[in-house]
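2 protein chains.
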Amino acid sequence: MSGENQETTGCGGSDCGKGQAMDAKTDKDGQIVASLSRIKHKLLVMSGKGGVGKSSVSAGLAIQLADSGYRVGLLDVDIHGPSLAGIMGVKGLLQVSAERKVTPHEVDAHLKVVSMQSLMKDHDQAIIWRGPAKAGVIRQFLSDVDWGDLDFLIVDAPPGTGDEPLGVAQTVPEAKAVIVTTPQDVALSDVRKSISFCRVIGMTILGLVENMGPFPCPCCGKPLALFKSGGGEATAGQMEVPFLGTLPFDPLVVKACDNGQPRGLRESGAAFSDAMAGIVQKLLGSLSP
Amino acid sequence: MSGENQETTGCGGSDCGKGQAMDAKTDKDGQIVASLSRIKHKLLVMSGKGGVGKSSVSAGLAIQLADSGYRVGLLDVDIHGPSLAGIMGVKGLLQVSAERKVTPHEVDAHLKVVSMQSLMKDHDQAIIWRGPAKAGVIRQFLSDVDWGDLDFLIVDAPPGTGDEPLGVAQTVPEAKAVIVTTPQDVALSDVRKSISFCRVIGMTILGLVENMGPFPCPCCGKPLALFKSGGGEATAGQMEVPFLGTLPFDPLVVKACDNGQPRGLRESGAAFSDAMAGIVQKLLGSLSP
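Listed in order, the protein sequences are those of chains S and V. Under the working numbering, think of the first position of the first sequence as 3, with each following residue one higher. Under the working numbering, think of the first position of the second sequence as 3, with each following residue one higher.
The reader is advised that the hints may include incorrect statements.
One copy or any two copies: either way a pair holds, since identical chains are not told apart in the list.
As the list claims (entries may be wrong) - Derived BS3-like pairs (lysine-lysine); straight-line CA-CA distance at most 27 angstroms: (1) K93 to K178; (2) K103 to K284; (3) K284 to K178; (4) K230 to K257; (5) K230 to K93; (6) K224 to K42; (7) K230 to K30; (8) K93 to K224; (9) K257 to K178; (10) K257 to K224; (11) K44 to K178; (12) K178 to K103; (13) K93 to K284; (14) K44 to K224; (15) K42 to K103; (16) K257 to K42.
No wet-lab data here; the hints were simulated from the structure.
Take these sequences, add in the hints, and give me the full structure.
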């Protein structure tokens, strides 16, 4: 076991083997620099714990920024549980050109999406990759996508402080972190680890977003604290990182993401969309002081 | 980057370096076999997606089994976000004997707990380990804990289909899987990957547990489908794995786990406890036909 770094069960048509990822390092480095130089801001959306709604928040940020007129790319580097293609409602496999460049799915003129999900022919297949192979795939993903000129690249990283966020951080050293949590202690404990991770590797933290906040009771409208309340802001204060805001819990968000129609949330007047607009205003303020 | 498999930022007092994990392989294999031979049933609690309440379910299963008179060990192998020590309310660092054996925390005569959390002096510290180092740590954890005789070892694995569940499966080939999901599609899509993972590596699946099911409205009592409903049972049917039951969503469970008092749930008459009792009955039935 100790000498074996990689084990895969197929990858359904992509060029993602370790041999590919490791070849021509200098050439690949050049491609990454060239590709990333056309992107103004790179945001890494992280969470210490899974299931805090990081992908919904990534999608919400991307939609809000695109609808404000920015050119936005949304990239999913979750190898084990990619979900952004489904959430954004993009269908079909990604196209790879003769020059081995990946063309993103275009949601509209302002919003492009690349999800690991769109490289897998069989969505139920498990990818049993070991860590270093994952870092190679992420590096390749960042170099080989033809994003064109973007104002924002939003990278939805898998949870934790392991190979994947480290792969992004090493490949895109200028990326800045947005950390997502829910209000309960067990999530906040992991958030402190994410903050410590960013500090160890020297990544700027733009701030903390608290997701799954109060849920208005359908009968009386009184806010129900499903996952407790207020923990995100308190933790941001203790750890001295900016607090960007709280997003309310809303079963409509669960449904909209399952149905691949997160854009419908704004039309339905969901409080989630208003709260997201406030968070984006704070983010924009911190990026251009 | 490619030649480097491991990167750590300290581990606060444990003997968990790669060198340690790799030394005396044969001796370690013997220790693992000897240690595991005293444990009747080994269950691996898995989820495709994080945040589905896998740790709460692991804790609930362990408590229910212990309270039914079985001798139970509960092990947390989540390196990036260990939470079982907090959930079970055990405090203090684990003790390591002169023979380098780890003594579990004893909750009572029937229930022992070992959490990665109890090896870290600084709980906010991020562990930035790459995959193969993680597999070594898990192997060491399984060999070096002095469980004694147990009826059940419940292993709470981190989400996904990567190094950690693979490490457990390779070290404990007779382990059987309990897969946890929530009802929404984005979780179920990842559950199908977990099922496919188990089938690829030849691990028996005992069944699927649906967590975060209906939440009774505090005003009218009508069940609210916060994360949709029915998806767990439908997916179990499609994928031909046993369905073990649905656990209702209950903010009391969130609080009890945050407070380290999950045992209090039964006294408070929480529907979660009754549902868990039903799930354990089904599990016991499938283990001794």
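Hint by hint, here is what the structure shows:
1. K93 to K178: The answer is neither: 29 angstroms in one copy and 35 angstroms across copies each exceed 27 angstroms.
2. K103 to K284: Intra 34 angstroms, inter 51 angstroms, cutoff 27 angstroms: neither.
3. K284 to K178: Within one copy only: 14 angstroms inside a chain, 48 angstroms across chains, cut-off 27 angstroms.
4. K230 to K257: Answer is both; intra-copy 22 angstroms and inter-copy 7 angstroms each pass.
5. K230 to K93: This pair counts as between: shortest inter-copy Cα distance 23 angstroms, intra-copy 36 angstroms.
6. K224 to K42: neither (42 angstroms within a copy, 49 angstroms between copies)
7. K230 to K30: Neither. Shortest intra-copy (46 angstroms) and inter-copy (44 angstroms) distances fail the 27 angstroms Cα cut-off.
8. K93 to K224: neither (39 angstroms within a copy, 36 angstroms between copies)
9. K257 to K178: Neither. Shortest intra-copy (30 angstroms) and inter-copy (32 angstroms) distances fail the 27 angstroms Cα cut-off.
10. K257 to K224: both (22 angstroms within a copy, 19 angstroms between copies)
11. K44 to K178: Answer is within: at 6 angstroms inside a copy they meet the 27 angstroms cutoff, but 42 angstroms across does not.
12. K178 to K103: Classified as within; 25 angstroms inside a copy, 42 angstroms across copies.
13. K93 to K284: Answer is neither; intra-copy 32 angstroms and inter-copy 39 angstroms both fail.
14. K44 to K224: Cα proximity of K44 and K224: none, with 38 angstroms in one copy and 44 angstroms across.
15. K42 to K103: The answer is within: 20 angstroms in one copy meets 27 angstroms, while 53 angstroms across copies does not.
16. K257 to K42: neither (32 angstroms within a copy, 42 angstroms between copies)
Taken one by one, the earlier hints fail for this structure at numbers 1, 2, 6, 7, 8, 9, 13, 14, 16, listed in ascending order.
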